[in-house]
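**Student:** So the protein sequences, as listed, match chains A and B.
Residues 1 to 83 in the numbering used here are what the first sequence lists, from first letter to last.
Residues 1 to 278 in the numbering used here are what the second sequence lists, from first letter to last.
Please note that the accuracy of each hint is not assured.
[To be verified] Derived DEER-like restraints, expressed as beta-carbon distance ranges:
| no. | chain 1 | residue 1 | chain 2 | residue 2 | range |
| --- | --- | --- | --- | --- | --- |
| 1 | B | G249 | A | A45 | 16 to 26 Å |
| 2 | B | G106 | A | N62 | 35 to 45 Å |
| 3 | B | S147 | A | P76 | 20 to 30 Å |
| 4 | A | I46 | B | A268 | 22 to 32 Å |
| 5 | A | F27 | B | L55 | 48 to 58 Å |
| 6 | B | A268 | A | V56 | 28 to 38 Å |
| 7 | A | I46 | B | G249 | 23 to 33 Å |
| 8 | A | S77 | B | W192 | 26 to 36 Å |
| 9 | B | R144 | A | P76 | 22 to 32 Å |
| 10 | A | S48 | B | E72 | 20 to 30 Å |
| 11 | A | S48 | B | T115 | 12 to 22 Å |
Don't read these hints as lab results, they were simulated from the structure.
Predicted model, so just to flag it, every value in this text is computed and none were measured.
Cβ atoms here follow ideal geometry from the backbone N, Cα and C, with glycine treated the same way.
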Amino acid sequence: MDTRIGAARRRAAVAKLTLGGVGALVFVLSAALARAAYPGHHKKAIRSLSPPAGFVRVVRENQLESGILAPTQADPSAATAMS
Amino acid sequence: MSRFDSMGCEVVVEGATPEELRRIEALFEERDAIFSRFRPDSELSRVNAAGAATLVSPLFARMTETALWARETTGGLVDPTLGAALESAGYDRDFSELVPADEPAGPARRAGAVTLLGHVLVLRGGVLDLNGVVKAVAVDDAVRLLSGSGFVSAGGDLATRGPVDVALPGGRAVRLVSGGLATSGRSKRHWWRAGEEQHHLIDPATGRPSTSPWDQVTVCGASCLAADVAAKAAFLLGDDGSAWLDVRGLPGRFAAAGRVHENASWRASIEPRELACT
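Model the full structure from these sequences, guided by the hints.
**Tutor:** See the structure below:
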């Protein structure tokens with residue numbers, strides 16, 4: 001009698017552990033899938049929205065660009081002098 | 001056409017309404033109050049006196065960032081930390097108050113280091129002088145206040161909205177269709193120490209006024225700032241200035257002792273072109 005009750009308790013403990021383990025595994029897998037698939041979760045390290053350094057360099061260099069000159073067409077109304 | 005004095009030079013405004021003129025005068029007055037080397041209460045004087053990490057205003061940070069861009073773009077030629085060299089050469093007060101002196105100029109002073117971290121400015125081993133970029137940016141900012149066509153000029157550094165014919169040093173003229181035109185040189189802003197001529201364009205390699213062969217260099221840029229920075233760099237580069245401008249497609253006109261040199265970009269801009277008919 002005691003042997004049958006003990007065996008039943010062992011089977012019940014194994015069943016509880018198995019169910020608990022499977023539940024925990026399903027939870028972890030679900031969380032991982034949600035993290036990988038749900039668009040609100042970032043998959044990589046967050047990076048700022050700043051433009052690439054090479055692009056910034058080109059834009060800064062282009063700030064030193066030319067204006068537009070043409071042959072004079074009237075008497076000067078302004079003068080450029082030494083600053 | 002309206003005129004007023006600010007930043008140690010004459011400012012000329014064409015095409016402004018009375019309200020726009022009032023705003024332009026206020027803009028120049030504000031910039032002078034913040035960036036003057038000769039006002040002890042200016043923010044620039046406070047930053048130089050602190051000589052270390054200082055919290056600066058957004059406008060001061062913007063001008064410092066612009067000055068650092070100028071230094072980077074010109075390979076260190078136009079440096080904002082050469083204020084000590086200017087003072088050593090004798091430019092230690094408003095230009096109108098400078099008089100010839102018997103004592104020689106002080107020793108050469110090299111550039112320092114300046115770092116901008118947001119609105120925190122760290123200055124090491126130099127005296128900040130932002131006057132060059134501040135004046136040019138003020139001209140660019142002022143011309144944006146015009147609602148119609150016109151121009152703004154400060155000490156001859158000019159930005160326009162709409163074509164304007166501009167007299168050049170030496171008697172000729174050119175039409176500035178858009179952008180800015182600036183002339184840098186030793187002919188006007190110079191003074192004497194022990195019989196030796198000094199001027200405000202410091203060579204960062206020597207820490208002394210430049211020995212450039214040119215008296216003045218005029219450059220056309222997309223803005224007054226671009227023109228002014230390029231004119232200073234071309235002046236400091238001496239004989240290499242013309243090619244330096246051509247590589248960047250910037251028209252430049254160099255004058256010295258009655259001799260005028262126009263680089264290829266300048267000649268291409270003003271020479272009449274034949275229209276191709278197909």
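**Student:** If a hint holds in the structure, say so; if it doesn't, say that too.
**Tutor:** Okay, the hints, checked on the actual structure:
The beta-carbon spacing between G249/B and A45/A, approximately 41 Å, falls outside the hinted interval of 16 to 26 Å. Restraint check, G106/B to N62/A: a C-beta distance of roughly 39 Å satisfies the suggested window 35 to 45 Å. Under the hint 20 to 30 Å, the C-beta atoms of S147/B and P76/A, about 24 Å apart, fit the expected range. For I46/A and A268/B, the hinted distance range of 22 to 32 Å is not satisfied, since their beta carbons lie about 49 Å from each other.
Remark: the range hint 48 to 58 Å for F27/A to L55/B is upheld by a beta-carbon distance near 50 Å. Between A268/B and V56/A, the C-beta spacing of about 30 Å keeps the proposed range 28 to 38 Å intact. The beta-carbon spacing between I46/A and G249/B, approximately 40 Å, falls outside the hinted interval of 23 to 33 Å. For the pair S77/A and W192/B, the beta carbons lie near 34 Å from each other, so the given range of 26 to 36 Å is met.
In this structure the hint that R144/B and P76/A lie 22 to 32 Å apart at CB holds, the actual value being about 23 Å. At about 22 Å, the CB distance of S48/A to E72/B agrees with the hint of 20 to 30 Å. S48/A and T115/B have their C-beta atoms about 20 Å apart, which keeps the hinted 12 to 22 Å range intact.
Checked against the numbered hints above, the structure violates hints 1, 4 and 7; every other hint is satisfied.
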